[in-house]
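**Student:** Residue strings, one per chain:
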Amino acid sequence: MSDLIKLEGFSLVPVYSELMDLNASLAENGLSLTAEEAREISETREKAVRENDRIEVGTGPVCDIVRKFAGSRYVSKENFSNVINEVTYLFYYIKTETDDKISDTALIDELFTRFELWCLGSVDTLLSREAEKIIRKVNAGENYQKWYADRDGLDTEDSDEIDREAPASVSLDEYGIELFAGEETEKDKYVPDVTEDVPDEEFSLDLYDEMKDRYTDSEEKTKSSGPDGEEKEEEQ
Amino acid sequence: MNGIQPFRHIDPSSLDPENYTESLLKEGIRTGLVTDAGAEHVKNGLIAALTDVIGYYTERESSSLKTERVASLSDSLIYNIDTYLKSITDPGRALEELLRSRATDLYTKGYKINLELYRNARVLYGKVRLTRLKTDDEQYNTIIDRYFYNYLTNYDARFSADGKIYLFAKKYGCHGAYHIDGAVEVLQNFLRINSGNSPDVTLEDFREI
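Here the protein sequences line up with chains C and L, keeping their order.
Residues in the first sequence are numbered consecutively from 1, following my numbering.
Residues in the second sequence are numbered consecutively from 1001, following my numbering.
Just so you know, these hints were derived from the structure itself, not from any lab.
Where hints are given, some of them may not hold.
[As the list claims (entries may be wrong)] No more than 27 Å apart at the CA atoms, straight line, and that leaves these computed lysine-lysine pairs for DSS-like: (1) L:Lys1164 / L:Lys1026; (2) C:Lys137 / C:Lys101; (3) L:Lys1043 / C:Lys6; (4) L:Lys1164 / L:Lys1086; (5) C:Lys68 / L:Lys1066; (6) L:Lys1086 / L:Lys1043; (7) L:Lys1170 / L:Lys1127; (8) C:Lys6 / L:Lys1066; (9) L:Lys1066 / C:Lys133; (10) C:Lys6 / L:Lys1164; (11) L:Lys1066 / L:Lys1164; (12) C:Lys101 / L:Lys1164; (13) C:Lys47 / C:Lys77; (14) L:Lys1026 / C:Lys6; (15) L:Lys1066 / C:Lys101; (16) C:Lys6 / L:Lys1086; (17) C:Lys101 / C:Lys133; (18) C:Lys133 / C:Lys68; (19) L:Lys1171 / L:Lys1134; (20) L:Lys1112 / L:Lys1043; (21) L:Lys1086 / L:Lys1112; (22) C:Lys47 / C:Lys133; (23) C:Lys137 / L:Lys1066; (24) L:Lys1109 / L:Lys1086; (25) C:Lys101 / C:Lys47; (26) C:Lys101 / C:Lys146; (27) L:Lys1066 / C:Lys47; (28) L:Lys1112 / L:Lys1127; (29) L:Lys1026 / L:Lys1086; (30) L:Lys1109 / L:Lys1026; (31) L:Lys1109 / L:Lys1164; (32) L:Lys1164 / L:Lys1112; (33) L:Lys1043 / L:Lys1109; (34) C:Lys6 / L:Lys1109; (35) L:Lys1112 / C:Lys6; (36) C:Lys47 / C:Lys68; (37) C:Lys146 / C:Lys133; (38) L:Lys1066 / L:Lys1043; (39) C:Lys6 / C:Lys101.
Work out the full structure: start from the sequences and follow the hints.
**Tutor:** Shown next, in the form of structure tokens:
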């Protein structure tokens, strides 16, 4: 790489003052950020960018995250700063894990939707469960439904219920509608085993006796065979 | 002292074609044509140009990228600028362009040159495939079917202008790593190989007449 451009020259633009400027709009939701909280969020963002080995131009998505999550019914003055810190760190982690396949706006929307609808305001659930789902969804692209329908409990086209164990649509594609029709099909018909013609007395033998009989038979055959390996007729 | 100014001349032999912009700037500093502040101004301009290239790459949808991706965009930016400055035959004029123009403009001009080379390469590649020799020589077929195909499919004059194709086939006149301009020459050589080197008629044919 040329020495003309030093990537260290990309220093992060501080967002502290932009965060403080947001207090005017946050007040409408009964929220606010103190100076210390704004500084903490700014440091979280710097740490997240550094630890995920990223380079950022401009102030980044932090202010957008604050604006979006301010509208959540699960945030209050007490937990708002904590939520923003966690979501900010998670944001950069997901961007790295998905190789930037998802835009900033789309990711913020996705995080907010999951936080509201599926995590019910739990940041821990967002971090532990939903983050990996987002990563799988973005990386799998159009194959997401096919590959992870079971695992992520996706709604399928044929079912209104979230079917975790055996998504109906996947099984329908694999085995055909007959399996689920409730009527006896060709597959359900009993196909007799080959050994069914044998009288029941044979199968009343103990398994050990059966094996013993087989072993004895093979021993006798070995003894009765001549030096040329020809079998002689046994006199019983 | 006596009013005589020292003759400041850029030595073309000290310019590295692989790192043309950097060596041109260094040569400018050595000869006194560029001050430290001027060099700093150029470097700051390059950072600004890289910011623009990042914006083009992400289509302004992402504010950050992985460091390794930014590094490869940086290489592409420098390569495009190198291409344009090398196209100016007089190094002195090239240095003036570097000091005076915006780095993004230099990048755009270099990109257009590399884009044209890439288009030529694709046309030549099509002709090489049409006129290919019927041979079971694995080297020949692999170069045409795989190496050039992958190279031209993945080449992007905006974001991977410095991309190289690696060929090791001395009997076909290619051995080493080639940028897009070298790839065009290799394809022209293959076209010559395909059409045959020996002419249909020679002077010996008329000697007995």
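**Student:** Take the hints in turn and mark each one as holding or not.
**Tutor:** Now for the hints, and whether the structure bears them out:
{"no.": "1", "hint": "L:Lys1164 / L:Lys1026", "result": "26 Å, holds"}
{"no.": "2", "hint": "C:Lys137 / C:Lys101", "result": "11 Å, holds"}
{"no.": "3", "hint": "L:Lys1043 / C:Lys6", "result": "9 Å, holds"}
{"no.": "4", "hint": "L:Lys1164 / L:Lys1086", "result": "18 Å, holds"}
{"no.": "5", "hint": "C:Lys68 / L:Lys1066", "result": "25 Å, holds"}
{"no.": "6", "hint": "L:Lys1086 / L:Lys1043", "result": "19 Å, holds"}
{"no.": "7", "hint": "L:Lys1170 / L:Lys1127", "result": "21 Å, holds"}
{"no.": "8", "hint": "C:Lys6 / L:Lys1066", "result": "15 Å, holds"}
{"no.": "9", "hint": "L:Lys1066 / C:Lys133", "result": "21 Å, holds"}
{"no.": "10", "hint": "C:Lys6 / L:Lys1164", "result": "23 Å, holds"}
{"no.": "11", "hint": "L:Lys1066 / L:Lys1164", "result": "22 Å, holds"}
{"no.": "12", "hint": "C:Lys101 / L:Lys1164", "result": "25 Å, holds"}
{"no.": "13", "hint": "C:Lys47 / C:Lys77", "result": "24 Å, holds"}
{"no.": "14", "hint": "L:Lys1026 / C:Lys6", "result": "16 Å, holds"}
{"no.": "15", "hint": "L:Lys1066 / C:Lys101", "result": "12 Å, holds"}
{"no.": "16", "hint": "C:Lys6 / L:Lys1086", "result": "23 Å, holds"}
{"no.": "17", "hint": "C:Lys101 / C:Lys133", "result": "15 Å, holds"}
{"no.": "18", "hint": "C:Lys133 / C:Lys68", "result": "20 Å, holds"}
{"no.": "19", "hint": "L:Lys1171 / L:Lys1134", "result": "17 Å, holds"}
{"no.": "20", "hint": "L:Lys1112 / L:Lys1043", "result": "22 Å, holds"}
{"no.": "21", "hint": "L:Lys1086 / L:Lys1112", "result": "14 Å, holds"}
{"no.": "22", "hint": "C:Lys47 / C:Lys133", "result": "24 Å, holds"}
{"no.": "23", "hint": "C:Lys137 / L:Lys1066", "result": "20 Å, holds"}
{"no.": "24", "hint": "L:Lys1109 / L:Lys1086", "result": "12 Å, holds"}
{"no.": "25", "hint": "C:Lys101 / C:Lys47", "result": "22 Å, holds"}
{"no.": "26", "hint": "C:Lys101 / C:Lys146", "result": "19 Å, holds"}
{"no.": "27", "hint": "L:Lys1066 / C:Lys47", "result": "14 Å, holds"}
{"no.": "28", "hint": "L:Lys1112 / L:Lys1127", "result": "23 Å, holds"}
{"no.": "29", "hint": "L:Lys1026 / L:Lys1086", "result": "15 Å, holds"}
{"no.": "30", "hint": "L:Lys1109 / L:Lys1026", "result": "22 Å, holds"}
{"no.": "31", "hint": "L:Lys1109 / L:Lys1164", "result": "20 Å, holds"}
{"no.": "32", "hint": "L:Lys1164 / L:Lys1112", "result": "18 Å, holds"}
{"no.": "33", "hint": "L:Lys1043 / L:Lys1109", "result": "18 Å, holds"}
{"no.": "34", "hint": "C:Lys6 / L:Lys1109", "result": "23 Å, holds"}
{"no.": "35", "hint": "L:Lys1112 / C:Lys6", "result": "25 Å, holds"}
{"no.": "36", "hint": "C:Lys47 / C:Lys68", "result": "21 Å, holds"}
{"no.": "37", "hint": "C:Lys146 / C:Lys133", "result": "14 Å, holds"}
{"no.": "38", "hint": "L:Lys1066 / L:Lys1043", "result": "21 Å, holds"}
{"no.": "39", "hint": "C:Lys6 / C:Lys101", "result": "26 Å, holds"}
Taken one by one, the earlier hints all hold for this structure without exception.
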